[in-house]
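Chemist: Going down the list, the sequences are from chains A and B.
Residue numbers are given in the numbering used here: position 341 of the first sequence equals residue 485, and the series is strictly consecutive.
Residue numbers are given in the numbering used here: position 189 of the second sequence equals residue 199, and the series is strictly consecutive.
It should be emphasised that the hints constitute simulated quantities derived from the structure, not laboratory data.
Every residue, glycine too, gets a C-beta built ideally from N, C-alpha and C.
Keep in mind that a hint or two might mislead.
[To be verified] Here are a few chain B residues that face chain A, going by a calculated C-beta distance under 7 Å:
{"id": "1", "residue": "Pro-208"}
{"id": "2", "residue": "Glu-210"}
{"id": "3", "residue": "Leu-211"}
{"id": "4", "residue": "Gln-213"}
Read off the chains here:
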Amino acid sequence: MANVSLRKLNIVLGGKPIIRDLDLCVEPGEFLVLLGPSGCGKSTLLHSIAGLVDSDSGAIEIGGRDMTDADPSERGIGMVFQSYALYPTMTVEDNMSFGLRIAGTPKAEIRRRVDRAAAMLQLDALLRRKPAQLSGGQRQRVAIGRALVREAQVFLFDEPLSNLDAKLRAELRRELKLLHQTLGSTMIYVTHDQVEAMTLATRIVVMQGGEIQQIGTPLDVYERPANRFVAGFLGAPAMAFVEGTLDAQGRFEADGMRYLQEDASRPAGRSAVLGIRPEHVAIQPDGDFVGEVTLVEPMGNHQVVWLRRGKATLASLVHDARSYAPGERVAFSIDTARVSLFDPVTGNRL
Amino acid sequence: MKMESIVPPLPATTPVAAPRKAVRRARRRWTPARIGLYVFLLGAALFFLLPLYVMIVTSLKSMDEIRQGGIFALPHAPTLAPWRLAWSGVCTGAACDGVRTGFWNSVAITVPSTILTILLGAVNGYALSFWRPRGANLLFGILLAGAFVPVQVMIYPLVRVMALAGIFGSLPAIVLVHLVFGMPVMTLLFRNYYCNVPHELFQAARIDGGGFWRIFLQVMLPMSLPVVVVAAIMQVTGVWNDYILGLVFAGRDNMPMMVQLNNVINTTTGVRQYNVNMAATILTALVPLALYFVSGRWFVRGIAAGAVKG
């Protein structure tokens, strides 16, 4: 268990600034997820913590020691890659023990650590196999095992589940979470998948354009997004945005239609963007609003009903079996206590 | 439940569809285009095999029989005497002990020239694709440009340099020359192969604490077998078939087989012994020929591995 702290980190690759003046503190034992669209710099950030990418300025500290210019092998990290990156000519056992053999660890100790990791990841029966003889899920388990035997202070994951099919991904995701609960090690995990971020993280760091947009617990980031980018990136179906104005009493109106009643706590007398999550739109006979059903997406255990009200399109999560037809007019209500308001220019939360 | 009702019809349709397809494919086998293709392939094969056929039958005839003409005729009384003479008795310049000395000289030149060139080319390609030192691309560009400079241009300066170093006309000299001239293509070959290896593999080895040589020897080289085979075939063939460099740099005691073969065939005195010439030529060509037969499958696979995935 170790903490990781980044101070004023700058990374320029090929003349392009990828990471700008980034500060980040990872607490010991935390499962931190770096979340963002591709090209946002999250992978570069992880690689710089691993020492695979040189930073141009700033400092990286792992476990209280300055590691800014340390060799990757000296940082006390274990890393798992998206493409597994297993050594194709070595057996599973040799793959896992390669780093220990380089470090000159005694044979008995190597044996002990490999056996322990293999038992944790159910790889016991596969130790003599080559990576080509393994399935995708098994390969990623071996890659995780290789990081485990290093008994690292910090584990780094670079989109480790992206190459797996949906079923395996969910399975391995659970295993990773269990692993974190068992080991309690510090883990930093890069993904663009919001489900992975929500389920695994103790804290999520949402990134865009090399800058941190918001840091917080999954619930915090989801319920109180700091800006429109975070709000739109998290959640499926995405949060619906309605552009309109807040009057002096805090009432929100968009093209002549009222959405929010007066509330003194809201900012008043300005233009704003209202953000509404689908689960906060409920179709019910005594609802305050009326909308027209435009599309229905059945999901098995629930359905997504798309509604049009004026120019705005809202999604609603429906958990009953009632069927809706496009064109049908329904009454619905909005959980106004849980909506978000953003500045239309800066995109920041109001 | 709805899903299940859709599924059953599928197995019923597939068995019917499968044989129909098979029949069509069988009928298609002898279209005019296909016949034309085979005619062309057979013609091309004949065109290339005919000289080899003439060489083999001529080498098995006596000189009397050759003088009777009929170069396509099979030998009346096949004899191995020309082969024996070519291997151990024919005059190659001043000495008259056949092309066998040249054979062993060529082996002595080819083995180190192949192994050293492949190893150095592999290290070059590995360093260029993974470690990317400053100016790597420029270096690689210069190296490639070297592949386009004709060998003849460099002979005189190389002779001067080697004479100054005191190794001109020796085995190390000719091996060094082959090493230098083989470097651009070998480096290109390995660089392209390693460029297709996921960079994450290299990064994983770095995190495991591997250094330059350990990652090369324990991770990268063991997975390079296909490209090593291609490189070996190219280098062995190139070195074995070389004439001009061997003639200039190898020195009297290390004349490769190709130079001796030329001496056998271009002798200006005495009778031209066509049967011995043919036998000596086949003996000289045997090594590259055997190499292609043995490793043709690997060669194609290696080329494909380098080309398609790139």
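Chemist: Pro-208 (chain B) was flagged as interface toward chain A. Is the shortest Cβ-Cβ separation under 7 Å?
Modeler: 5 Å, holds
Chemist: Checking hints one by one. Is Leu-211 (chain B) an interface residue toward chain A, by the C-beta closer than 7 Å rule?
Modeler: Constraint on Leu-211 (chain B) satisfied, holds at 5 Å.
Chemist: Let's test the interface hint: is any C-beta of chain A closer than 7 Å to that of Gln-213 (chain B)?
Modeler: 5 Å, holds
Chemist: Does the interface hint hold: is Glu-210 (chain B) within less than 7 Å of chain A, judged Cβ to Cβ?
Modeler: 4 Å, holds
Checked against the numbered hints given earlier, the structure satisfies every one of them.
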